[in-house]
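Peer 1: Residue strings, one per chain:
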Amino acid sequence: MSFVLTCPNCGPREVTDFGFGGEIGARPSREPSFRELNAYNYFRANVAGRQREWWYHRSGCRAWFIAERDTRTNEVHFTRLPDDEDPAGEAMVPAGSGLAGARRERAAGTRGWDLR
Amino acid sequence: MLDLFRKRRMWRPASKLKGAYDVVIIGGGSHGLATAHYLREHGITDVAILEKRYIGSGAAGRNTTILRSNYKTPEGARFYDASVKLYEGLSQELNFNLLFSQCGHLTLAHSDRAMFVMANRAEVNRLSGIDSRLIGPDEIQQLAPAMQVDNPNATFPIMGALYHPPGGIIRHDAVVWALARSADQGGAEIHQDTEVLGLERSGGRVSKVKTDRGTIAAGQVLNCTAGWSTLISDMAGVKLPITTHILQACVTEPFKPLLHVVVVSSQMHVYISQTDRGEFLMGAEIEPWTTYRMQGTLNFLQDVCRHSLELFPQLERARLLRSWAGLCDLSPDYSPILGQTEVENFHVSAGWGTYGFKAAPIVGKTLAELVATGRQPELIAPFALERFYEDRLVSELAAAAVSH
Numbered sequence: 000m001s002f003v004l005t006c007p008n009c010g011p012r013e014v015t016d017f018g019f020g021g022e023i024g025a026r027p028s029r030e031p032s033f034r035e036l037n038a039y040n041y042f043r044a045n046v047a048g049r050q051r052e053w054w055y056h057r058s059g060c061r062a063w064f065i066a067e068r069d070t071r072t073n074e075v076h077f078t079r080l081p082d083d084e085d086p087a088g089e090a091m092v093p094a095g096s097g098l099a100g101a102r103r104e105r106a107a108g109t110r111g112w113d114l115r
Numbered sequence: 000m001l002d003l004f005r006k007r008r009m010w011r012p013a014s015k016l017k018g019a020y021d022v023v024i025i026g027g028g029s030h031g032l033a034t035a036h037y038l039r040e041h042g043i044t045d046v047a048i049l050e051k052r053y054i055g056s057g058a059a060g061r062n063t064t065i066l067r068s069n070y071k072t073p074e075g076a077r078f079y080d081a082s083v084k085l086y087e088g089l090s091q092e093l094n095f096n097l098l099f100s101q102c103g104h105l106t107l108a109h110s111d112r113a114m115f116v117m118a119n120r121a122e123v124n125r126l127s128g129i130d131s132r133l134i135g136p137d138e139i140q141q142l143a144p145a146m147q148v149d150n151p152n153a154t155f156p157i158m159g160a161l162y163h164p165p166g167g168i169i170r171h172d173a174v175v176w177a178l179a180r181s182a183d184q185g186g187a188e189i190h191q192d193t194e195v196l197g198l199e200r201s202g203g204r205v206s207k208v209k210t211d212r213g214t215i216a217a218g219q220v221l222n223c224t225a226g227w228s229t230l231i232s233d234m235a236g237v238k239l240p241i242t243t244h245i246l247q248a249c250v251t252e253p254f255k256p257l258l259h260v261v262v263v264s265s266q267m268h269v270y271i272s273q274t275d276r277g278e279f280l281m282g283a284e285i286e287p288w289t290t291y292r293m294q295g296t297l298n299f300l301q302d303v304c305r306h307s308l309e310l311f312p313q314l315e316r317a318r319l320l321r322s323w324a325g326l327c328d329l330s331p332d333y334s335p336i337l338g339q340t341e342v343e344n345f346h347v348s349a350g351w352g353t354y355g356f357k358a359a360p361i362v363g364k365t366l367a368e369l370v371a372t373g374r375q376p377e378l379i380a381p382f383a384l385e386r387f388y389e390d391r392l393v394s395e396l397a398a399a400a401v402s403h
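Protein chains in written order, with numbering that gives the first Met the number 0: chain A, 0 to 115; chain B, 0 to 403.
These are computed hints drawn from the structure, not numbers from a lab.
Just so you know, these numbers come straight off a predicted model, no measurement behind them.
Quick reminder that beta carbons are idealized off the backbone N, C-alpha and C, glycines included.
Incorrect hints may have been included.
Said to hold, decoys possible - Which bits of chain A does chain B cover? Going by a derived footprint, with three or more residues having C-beta under 8 angstroms, they are:
(1) 36-45
(2) 76-85
To be verified - Here are a few chain A residues that sit away from chain B, every Cβ distance over 12 angstroms (derived from the structure):
(3) G10
(4) R61
(5) A62
(6) W63
(7) R71
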């Protein structure tokens with residue numbers, strides 16, 4: 000058996016229910032150089048240990064959410080929706096990353112382009 | 000007669016680590032050992048191979064032993080072809096029977112689109128001088144009489160296949176042992192149960208390698224650790240575009256010889272061969288999420304059995320003997336990352352995804368040349384790490400995205 004993730008909307012489900020969206024990293028600057036953009040596109044931290052990552056409930060409510068998982072054991076420490084408070088008390092979404100960050104920036108008018 | 004009872008060693012037992020080596024190879028798998036073997040040709044023998052567990056305990060001992068060179072890009076096809084050619088002479092070169100049978104390799108096509116891609120691959124292969132062609136269902140049936148080719152109820156009907164006669168299977172453990180023996184005979188030291196804990200940098204170079212058995216100075220350092228390559232590269236301050244996933248395989252109990260080719264279906268995510276012991280060896284797709292935990296999953300067993308049975312319904316009563324998982328270091332373009340990095344004396348052989356074992360001898364040969372001459376050999380120039388910063392990818396998505 001692989002492991003179980005708790006969808007913030009639907010509750011615990013087997014991992015095959017979900018789509019994996021990859022680790023959460025910092026987004027590039029507003030006007031990145033070609034090199035910086037490629038580094039953002041291709042390079043990954045790939046940590047062995049606790050990792051924040053995006054998941055998508057493909058066979059359920061189809062919501063994107065954040066999970067913290069230990070990649071050495073596959074133990075999931077928590078899951079939450081992007082706009083929910085972080086159990087570890089960290090920034091709601093790591094500095095300007097991902098959809099929620101973009102949504103917030105868009106609402107605040109700090110980003111000129113749309114991610115949808 | 001007395002010889003029968005003599006204890007024979009393939010390589011010397013572990014000695015104490017010396018204080019310094021010309022070359023330190025991290026990772027005692029097929030790539031690390033092949034590099035040590037080919038370094039002999041350049042007269043470089045002051046070599047230490049550091050292996051966290053035992054040699055061949057990672058991907059080298061967990062792969063499905065398939066060799067082939069029918070890749071999609073000219074760069075890839077040329078590279079893997081050189082590897083298969085080296086494998087052809089390796090038993091002779093290492094004086095060790097590697098049980099290489101070039102039984103042929105079939106990649107099934109189940110759609111018009113797949114037929115188009117296979118035709119494309121066949122053309123690229125032929126231009127590189129690689130024996131590879133598109134065949135129809137009749138010829139597939141001739142090559143694999145036991146396979147259910149013409150099944151009107153199939154989920155994925157078989158329309159044709161890319162046939163690659165030089166492809167085949169080899170004994171993977173034998174490759175590891177023979178390369179280790181040769182490296183050892185050449186003077187290289189194989190240190191098992193030796194984990195690298197850190198790399199010390201000074202003046203833009205890696206100067207020292209910290210292990211759990213002491214610190215050693217190194218002239219050049221090679222990272223050949225596949226699934227763990229990001230962790231080692233991080234120690235040197237080199238970022239890699241790699242994510243680590245598990246790939247799984249399983250074998251059935253042994254049967255009489257039934258299948259004499261390697262059968263792969265990218266749409267059904269399955270590849271099947273029958274080993275020399277008679278076991279059906281089946282592999283599937285990597286899990287999409289990243290992990291360092293080598294634990295198998297139930298959905299893998301379900302999928303691989305369902306798809307294998309569609310091709311070989313006669314295996315219905317076969318019992319699985321064992322299944323296992325290994326770590327794969329997946330690169331964004333399904334091509335490897337080879338050679339120099341921004342740290343002068345730190346070289347990598349990484350990004351091997353699901354195709355590293357096929358390339359072991361050519362990686363050893365080219366990395367040995369790089370270490371000896373300081374220049375990136377022309378054959379591996381397209382696979383330099385720098386290509387990701389410059390967005391010059393070598394996309395093997397069509398020929399390697401399904402693991403086989």
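Peer 1: Work down the list of hints and note, for each, if the structure agrees.
Peer 2: Against the structure, the hints come out as follows:
no. : hint  : in the structure
1   : 36-45 : holds (count 8)
2   : 76-85 : violated (count 0)
3   : G10   : 19 angstroms, holds
4   : R61   : 17 angstroms, holds
5   : A62   : 17 angstroms, holds
6   : W63   : 15 angstroms, holds
7   : R71   : 5 angstroms, violated
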